[in-house]
Every structure is written in C-alpha cells, then in structure tokens.
Amino acid sequence: MRLRKLTLRHFRNVVFAGLEFSGRQQFLAGANGQGKTNLLEAAGFLTALRSFRTAESKLLVGHGQSAAAVSFELEHERLGEAHVLIKLRRDGRELWCDSARVTRLADHLGKFPTVVFSSQDMLLVRGSPAGRRRWLDLTLAAMDAGYLAVLQTFSRALAERNALLKRGGADERQLAAFEQTLAPAAAELIARRAAGLLALSATLKSAYGQISGETEKAGLTYEPNFAEPSSDALLARLEVGRARDAQFRTTLIGPHRDDFQFAVRGTAAKDFASEGQQRSLVLALRIAQAAWFQAKSGVRPVLLADDVLGELDPERRRRFWGTIDAEAQVIATGTSPPDGALGPWQVFEVADGMFTEKPVGP
Amino acid sequence: MTPAFDKLQKHLKQLPGLGYRSSERIALHLLVEKPARLPALVEALEEAARSVRRCARCGSLAEGELCGICADERRDHAVVCVVEQVPDLVAIERSTAYRGMYHVLHGKLSPMHGVGPDDLNLASLFERMAASGVEEIILALSNDVEGEATCHYLTERLAAMGHTVKISRIGFGLPSGGGVLYADSVTLKSALDGRRAYS
Ligand SMILES: [Zn+2]
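Which chain is which? The protein sequence lines are A and B, in order.
Residue 118 in our numbering sits at position 118 of the first sequence, with consecutive numbering throughout.
Residue 126 in our numbering sits at position 126 of the second sequence, with consecutive numbering throughout.
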C-alpha cells in the first residue's frame, strides 16, 4: 500500500494540510510542537481508527472546531486506487471508503496497515503491563476482526461480572451466568495471544540480530495470568475464586492481567538490557508488527517513523534501514534534515501546522 | 415560546428517540399546523392509558386480564418462547413461523446497568412453570453477553426448581449481537426450525 495524498482539516493544530506524496520516502522536518507528529498520527489513524497517542478521539478535533476530517488517497494491492475519508466529531466518527459509508469497524479492519515507530516505544519495554497489553490487543485486532470480537465479548463479560462483585452480596447464580460467557472468551483470547506472540517473537528475533549486530538472541515471552487456554479449567478457577473476588470486589484471575516480556539472552530486558539494546528491541518489535500485518492482510504496511531515525547512531540507523522492507513506503519525521545515505527523500518543512514541500535542491 | 408550549416540548423530549429539534417539530405540528388532530390524539392517549396493561400471564400488552395470544385456545400452550421485549414478540409473530405462547422478560440481566433478576418478569414465568402444562421453553434472547447470561441464569433456576422441561435456544443463526428484532422473517423461521437443545 502506498499513501499518495493525505488531507487534514482541523486535526489538532493543523487547520488544513494537503500533502501529495511521490516516491517511497517522505520526510517531515521541523522543530518540535509544529505538527509533524500530528500528521503521522492522522496517517496511522487509518488502520484501526485509533490514535497511537491517545485513546480519546475527541482530543484530535482542533480547538474550537466541531469536527475534524482526514482523507486518504491510496494505491492498494487489493483495491487498486482507494479513497478513505474519516470524519471525527467530539461525540463520534464517520468512515467512508470509496464513497460508501462503513458502519462496522470489523468491515474496515485488515485492509489498511500502517505501523508507527515512535520515540515513546521504549515504554513498551520499561513501562507498565497495561501499555504492553494495549499494544498487543491493537496489533492482533487491527488485522483480525475475529480477535476484536473475542476481546469485546471478554471485556463485556468481565465488566458485568465485576459490576456484580462491586455491588457486593452478589448471588452465585448470577456470577455463574456471566462466567459461562467469560470463560470461553478468555480461553480463546489466551490461545490467540500465545499464537500471536509466538509469530511476533520469531520475526523480532531475526530483526533484532540485524539491527543490533549482536549474536545474542532476543525474544518475546508471553506471561499469561492464567496459563491454560481451556474454558473448563478457567470456569473451575473462577468458581473457586468467587469468595476471594468478592472480597476484593473484582475479578482477580484472567487475561485482563496478562503481560509479556522482552528477553535478551534469556533474561528480562526491562532490568538487564542496555539503553541501546532496548532501543533495538522496540525497533525490532515494530518490524515484527509490520511483518504480522502484512502476513495477515496481504497488504504491505506504510511505515511511520516518528522522530526515531535521529535518535540512532549512524551505524545502527544504517542497520535498521537494512531490516525494513525495501518496497515499503516510509514517512519519517525529525528536527534535522534526513540522512541522505538512506536514499532519496521528498522533504516537507513543517512550521505552525503548515506543511511546505521543499524543492529538490541542486 | 410560551410556558404551556415549553412544558409540552419538555415532556415530548423525554420520550425515547426524541431530541430537542424533533420534540419542537412535533409540538408545533400538534398545536399550530394540524390542531384538528389533537383531540383524537388526546383521546387515544387517555384510552390507552386506561385500558392497556401487562398481560397477567406473559407480560405482553393486554387490554383485559390476558393478551390475545394467551387467551387463544387454538395456540399451543405447551410451548413458551421467552423474549426480551414486546417488539421481539411482534417480530416473531410477523414471521408466522410460531404457534406457541410467549413470555416477555422486559429486559435482560446487566449488573452494569443495574438490572438484576428482580427487575425482570421472571416470577410470573416460574409461576407458569409451577402450574405445569408447559413442556418446552424456547429462549429467544439476543446473542450478546447479557442475553447469553440471562439464558444461563434462567436454565439454572429452572433446574434448581426441579423442572425437567425441554429447553432450546434460538439466536445462533441471527446476526451476532443482534436480537430477534433485527432478524427478517425468513431468518427467524429457519432459526425456530433449527433450534437446538440448551444446557
Ligand atoms: Zn399474554
């Protein structure tokens, strides 16, 4: 997939921007806070109607405006020339694909993969389990409406069971009734996460080797809160745990408490890996995400690199560049001009929400 | 506009599906554009308020003690189809695929929304069961988490009371997350024909 034209209206600080892309590599150059990341955020919104920066879509609508709009003109492996329009209001959104309204997110997922490489990605290694779960769920759901459906069923059943526990004095029959839908959804979620992480880990391992230039093995290890992907086993465990759950007024066991770890040479990267190793790990994770998206959708993802190239030393940058798909479109941002050694760039200068294409110099 | 107009609009706006604009339009229509229609509407409201109530047996709409379906001796009183809302019953009736009885729960279990067993029309269902004569129950509740949980709950309660009635579930062929209301007649008919035993 190639993004050929991107138009933003009232998206964060960008009042209007219409960018026409030619070639494979675009670079948005400018000081921080000018709107570079906003543009990448808008581009990344295409995949699953989610921002990589916030869960609150209303923050994306420009100050004092009632609605924002992002329009995409694409060259697409399956759809040919495609046009997608997303309208965002503070209370909702509208999605149009080739002039037809799309009302179910499930019908949109799996068609338009993008992957964001962000300078915030280090938090995936060092930060809380909740951040890693959110990343994993977004990655697995973005190309697979089946995963999204299971996740939604699980989350809904969990919320209902927790509401019973919160109220206190809930009767066993009602708890049991919701456990009957909770358990099979949880078991399927565990199985799908295990399979997804296994595939992601394999790609991460080879990408890490290339980027770091090290022979040390890296990987991802799933740390499920309840390890057995069996509905019956979980059902029994929930039943046994009812008294304790009632005491804590919440469900203590289940995939809502899952985590996964980055490992280098078998040890937890969070505690033992160097800054440079951690940086290589998150780059490798995003490359693994891109490979997963492509394998699931049959569509080559557009790579969005937010301020990450400048953070790498030239050697690591060159090696990173060698690992990414040589046919994939890359839209990158940075405060200083792009590295010409990585190939020809189409450059836009960004100031105060305005994007100006820089003419190709002599 | 005027105090009485504002009062009317305020009450209209509290009705489901009506916002500020639509309630204003309806109030203007009734009072200014077609005032001749107003007396008939007022009379219809008064008459309905006086005579329409819940059927004592199934919970559907009735004007006497029993609704038309419960009072109909030609229908199969041994089969009871449990639905969430009156419109679900209407949808199944429209499909003409079903000749049994109904029971309307007026909701489904949802602790998040503060709906528990006592908020549902369950007591009269258990009374019907105790009075015997019912041989089969068809659960026609929506396919979502709350619909499923309500089916499980109902089944467990009936088992605990010692009822050995045949229980089946429809909804498998229906669009996921949707209730019977959103299924067309053909889908409903095949769902009813293909209903499966539920345990
Ligand atoms: Zn009745």
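Keep in mind that the hints were calculated from the coordinates and are not lab data.
As the structure is a computational prediction, the values presented were derived from the model and not from experiment.
Where is the CB? At the ideal position from N, CA and C, for every residue including glycine.
It cannot be assumed that every hint is accurate.
Stated by the list, open to error - Covered by chain A, according to a simulated footprint, are these stretches of chain B (three or more residues, beta-carbon under 8 Å): (1) 102-111; (2) 147-153.
What the hints assert, rightly or not - Here are the simulated SDA-like pairs of lysine to any residue, each with C-alpha atoms no more than 25 Å apart in a straight line: (3) Lys205(A) with Gln120(A); (4) Lys13(B) with Glu81(A); (5) Lys166(A) with Arg74(B).
Going through the hints against the structure:
1. 102-111: Our answer is that it holds, as 3 residues pass the Cβ test (under 8 Å) against chain A, meeting three.
2. 147-153: holds (count 5)
3. Lys205(A) with Gln120(A): Satisfied, since the Cα-Cα distance of roughly 21 Å is no more than 25 Å.
4. Lys13(B) with Glu81(A): violated, 46 Å
5. Lys166(A) with Arg74(B): violated, 48 Å
Going through the hint list in order, the structure does not satisfy hints 4, 5.
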